[in-house]
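With the hints as your guide, set chain B onto chain A.
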Amino acid sequence: MKKTQIILLVLIAVAIAVLISFLNTAGTYDSMQMAIEKPGKFMHVAVRLDKSKPVEYDPVKDANFLSFHAIPVEDPSQSVKVVYRNGEIPNLMVSERLILKGKYETDHFECKDVQTKCPSKYKEEQAKGQTHPDSIKVN
Amino acid sequence: MNYIGEHLLPGQLGHFFITLSIVASLLASFAYFRAAQAKSELESNPWKKLARYAFLVEVVSVFAIFSILFYILYNHLFEYKYAWQHSSRSLELKYLLACFWEGQEGSFLLWSIWHCLMGLILIRTGKKWEAPVMSILSFAQFILATMIAGIYIFGWKMGSNPFILLRDSGVLDNAPALHVDFDITQPLRADYMASVKDGNDLNPLLQNYWMVIHPPVLFMGFASTIVPFAFALAGLWKRKADGSIDDSWIKPALPWSLFSAAVFGVGIMMGAIWAYESLSFGGYWAWDPVENASLVPWMILVSGIHTLLIYKHSGYSLKSTYVFFILSFGFVLYSTFLTRTGILGDASVHAFTGEGSGLTYHLLAFMGFFLIPAFVLFIKNYRIIPAIKKEESASSREFWMFIGSLVFFLSAILIIGKTSVPVINKVFGTNIAAPEDPEYAYNSIQVYVAVIIAVLTAITQYLKYKETSRSFFIKKFLVPALIAAGLVIALFIYGDIKYIKQGPGFHGALWLAAICSIYAIVANAAYIWVGLRGSLKSAGGSIAHVGFGMVLLGIVISSSNKEIVSQNNNGIPVPLGEGEKPGENLALVQGVTMDMGKYSLTYIGDSAHPKKQLSYYKIHFKSKDGKEEFTLTPNSFVNYKGNEGLMSNPDSRHYWDHDVFTYITSISNPDSEKDTASFKTHTLKPGDTLFYSRGFLIMGEPQEKDSLPPDIFGDTGKLFETPVKIFAKTGSVYSVTSRLAMVKGENLSLPDTITSESLIFQMQQIKPDKSMELGLKESNAIMKYVTIKAYKFPFINLLWFGVIITAIGILMSMVRRIQLNRMNRSGS
Chain A
1 MKKTQIILLV LIAVAIAVLI SFLNTAGTYD SMQMAIEKPG KFMHVAVRLD KSKPVEYDPV
61 KDANFLSFHA IPVEDPSQSV KVVYRNGEIP NLMVSERLIL KGKYETDHFE CKDVQTKCPS
121 KYKEEQAKGQ THPDSIKVN
Chain B
1 MNYIGEHLLP GQLGHFFITL SIVASLLASF AYFRAAQAKS ELESNPWKKL ARYAFLVEVV
61 SVFAIFSILF YILYNHLFEY KYAWQHSSRS LELKYLLACF WEGQEGSFLL WSIWHCLMGL
121 ILIRTGKKWE APVMSILSFA QFILATMIAG IYIFGWKMGS NPFILLRDSG VLDNAPALHV
181 DFDITQPLRA DYMASVKDGN DLNPLLQNYW MVIHPPVLFM GFASTIVPFA FALAGLWKRK
241 ADGSIDDSWI KPALPWSLFS AAVFGVGIMM GAIWAYESLS FGGYWAWDPV ENASLVPWMI
301 LVSGIHTLLI YKHSGYSLKS TYVFFILSFG FVLYSTFLTR TGILGDASVH AFTGEGSGLT
361 YHLLAFMGFF LIPAFVLFIK NYRIIPAIKK EESASSREFW MFIGSLVFFL SAILIIGKTS
421 VPVINKVFGT NIAAPEDPEY AYNSIQVYVA VIIAVLTAIT QYLKYKETSR SFFIKKFLVP
481 ALIAAGLVIA LFIYGDIKYI KQGPGFHGAL WLAAICSIYA IVANAAYIWV GLRGSLKSAG
541 GSIAHVGFGM VLLGIVISSS NKEIVSQNNN GIPVPLGEGE KPGENLALVQ GVTMDMGKYS
601 LTYIGDSAHP KKQLSYYKIH FKSKDGKEEF TLTPNSFVNY KGNEGLMSNP DSRHYWDHDV
661 FTYITSISNP DSEKDTASFK THTLKPGDTL FYSRGFLIMG EPQEKDSLPP DIFGDTGKLF
721 ETPVKIFAKT GSVYSVTSRL AMVKGENLSL PDTITSESLI FQMQQIKPDK SMELGLKESN
781 AIMKYVTIKA YKFPFINLLW FGVIITAIGI LMSMVRRIQL NRMNRSGS
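Protein chains in written order, with this note's numbering: chain A, 1 to 139; chain B, 1 to 828.
The following block holds chain A by itself, in its conformation from the complex:
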């Protein structure tokens, strides 16, 4: 066997090992129920913002602490407290869906990162049959 072939095999073995270890550290898309059942496990959970409860953010007291309630997509009867410690989340109020990345801890979902899914301006207009308020002014 040639040296290059040996090194190629070694490198491919390393690459496979790296991919396997990546899969071990990788999170999963899961339900809030799963997150509550397995506290401490990192997950991506899809939720909607619970607009019946207040969003708590007082930047003058603590510019980083944000807390709100979320309704899991799979079970609309629930409402889970979410804590995010990295300031305000843009477009939180208008979001139609949130992807929370974090883990459940005793009484709340501790979120490392939040991705807001906003209704695409353009698609929403088509769906709701409205044009954008700023873009088309009707006299």
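Treat each hint with caution, since some may be false.
[To be verified] Keeping only pairs whose Cα atoms sit at most 27 Å apart, straight-line, the calculated DSS-like set for lysine-lysine is:
id, chain 1, residue 1, chain 2, residue 2
1, A, Lys3, B, Lys389
2, B, Lys390, A, Lys2
3, B, Lys240, B, Lys319
4, A, Lys2, B, Lys498
5, A, Lys112, B, Lys498
[Unchecked claim] Heads up, incomplete: computed chain A residues facing chain B, CB under 10 Å, no partners named:
id, residue
6, Ala15
7, Gly27
8, Asp30
9, Ile36
10, Met43
11, Tyr57
12, Val60
13, Phe65
14, His69
15, Ile71
16, Val73
Since the hints were derived computationally from the structure, they do not count as laboratory data. Positions of the beta carbon are idealized from the N, C-alpha and C atoms, including for glycine.
Just chain B, lined up with the frame of chain A:
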């Protein structure tokens, strides 16, 4: 029906040129194919001539399409959906070009334009490779043209046309006000254009000058990868008369691939600067799928260049060169597929809305048309591709160069593998998501790749092709190694790598990467004198490697020594729970100076853009040693066009050795500024203490003032002045004189406000025994604040400078290769 106020001619011309472009590119492709397949020159020349004319028509069409679209955008013809969707009247002229690349149609058009220009050069310089290479390129043009065709074939919409009218696009279908009798089942009103006054505007994040210049460069890089691919494919397709592989394609392919690597690399890094300058994720690289998707083909292309050089000098590695060039272009197509079809979904912050399944299949077909024939040809010819049976010597340059290329290639495959997780989920129905620290998942691997590549770029230069004697290597190798060792010791003494969050293992790896990059810089720079005796003409490779070493060092130092200036652990007391780390957001109340690490920060105020909902926030920085004092003005689009909240653009202060970088994360909500708290009255005597939530105040003795103007106060009027001292928890002490006037039996007073304490008090009554009634309220409403994040990036210029040097080095090699090719030709 005729509609009032529409300009239909540009659109009709546009449709015509799109159709012409489809026909011309297909004809060029076919004619070039016939020319390439022809047995003799006599047979091939007429086809070639026809193909050239067809390609010229294609070039004219593409430029015409571009110009017409520009005309539509420039003149705000909002009857066209593209102009309505991507531009507005308030959009500055300089951002008009950015409208092209915001939309998918414009991006494909731009890609097409670069192909045209490269095609023209290939026609002039291609010689015997012109026909096969141009046949492939023209076919790519044909597919790109169908991307903007927007025609229906058997009910399947092919491509998306930039000249579609707003009224045909469906956007207006459900807007009652624009229809006759306000009924959406009725046709549009003839004067509907009178209501369409402005467009949707360009995404605010794209309103940045880097966004005007980086996409053209990046797309030129993307587009140029087809040339090495086409040469490689042509090399497999057009064999010599005796049936053996014709490897003469590598000569023209080498400068082209160097050009591609330089432009592509610069384009990627310009994108990184754009992210740094205008996005608010606090850095220049986040391993986002969109970034990875352009990095990966570049890395494979660079591997291909190195194996090509190996083949040229030693006869090894031609097979890997074919694979790398094919895959490099293949991954350009794949990355277009990843970023344009919306398959990334939740995995990317980039909101590329997919055009639906039509585009997915269209792009899959694009990939299939090019990659399947390429790999079929490669496998068919595998046995006859020249290769040397004898093993490379471990002391040869080609051996270590090959190892380097292989490591680089595998690292690219790892990156794209992780990036493709959403695709894997879709295909296999799994639910794998990004890990807790997605950036570390990449960094923890790539840092070792950086170590290996840095060392290999350094050592390999000192090895000779075929075989290197031990004494030669040690003699040449010793000096740079000693210099590098000296610099590393200096880094140990004067510098530091501060990133310890991921534990000692990763910290050590970062140190190792820094040391190896320093070594790469020194060894490659030294090689210009030691190895090449100062001959700059042929030093392109060494210079590029010096630049690449600087890029690596710049990345390691700027990222791992990034400091969070806005670390919120003093200033406004934060109720830090157990084990909580201080956050990166800092609240700044207008006019109040905050102590933050090395700086004290003051939010001075804000100003608004005259035409847009864009606000500029002035943040004053003063370093505590008094050496630096400056004002940064990060800006934010506030509630822009239906978006709630902020879209922030950072601002940074550049120094030669570091940048201070800040952006706005939230602002006080004007709606919540309605004051709802009410005064609570307290009865106090001089010297009394009154507590409020963040401190206490001590009342002084009320003083009655005399000699008051009688025309205001009358005969019995009185004015009292009472000194009040406020002791805040933060340690600040404020002195306020509270005034109360008694005029005609009425008590008049103005409230006193301590902004930073959210405190308002008002003297309501002073009795003859000097007891006072003081109204007190605490309110958030009086606070005007912003929250910011601020970072310090040390030695980021090393990274940008390294990119420039790398590009210069690669371009120098390209020029050198072109010269050598010319000399060869005239010599033979």
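Consistency of the hints with the structure:
{"no.": "1", "hint": "Lys3(A) to Lys389(B)", "result": "holds (13 Å)"}
{"no.": "2", "hint": "Lys390(B) to Lys2(A)", "result": "holds (9 Å)"}
{"no.": "3", "hint": "Lys240(B) to Lys319(B)", "result": "holds (17 Å)"}
{"no.": "4", "hint": "Lys2(A) to Lys498(B)", "result": "violated (42 Å)"}
{"no.": "5", "hint": "Lys112(A) to Lys498(B)", "result": "holds (23 Å)"}
{"no.": "6", "hint": "Ala15", "result": "holds (5 Å)"}
{"no.": "7", "hint": "Gly27", "result": "holds (4 Å)"}
{"no.": "8", "hint": "Asp30", "result": "holds (7 Å)"}
{"no.": "9", "hint": "Ile36", "result": "violated (17 Å)"}
{"no.": "10", "hint": "Met43", "result": "holds (7 Å)"}
{"no.": "11", "hint": "Tyr57", "result": "holds (8 Å)"}
{"no.": "12", "hint": "Val60", "result": "holds (5 Å)"}
{"no.": "13", "hint": "Phe65", "result": "holds (8 Å)"}
{"no.": "14", "hint": "His69", "result": "violated (18 Å)"}
{"no.": "15", "hint": "Ile71", "result": "violated (18 Å)"}
{"no.": "16", "hint": "Val73", "result": "violated (12 Å)"}
Violated hints for the displayed structure, listed by number in ascending order: 4, 9, 14, 15 and 16.
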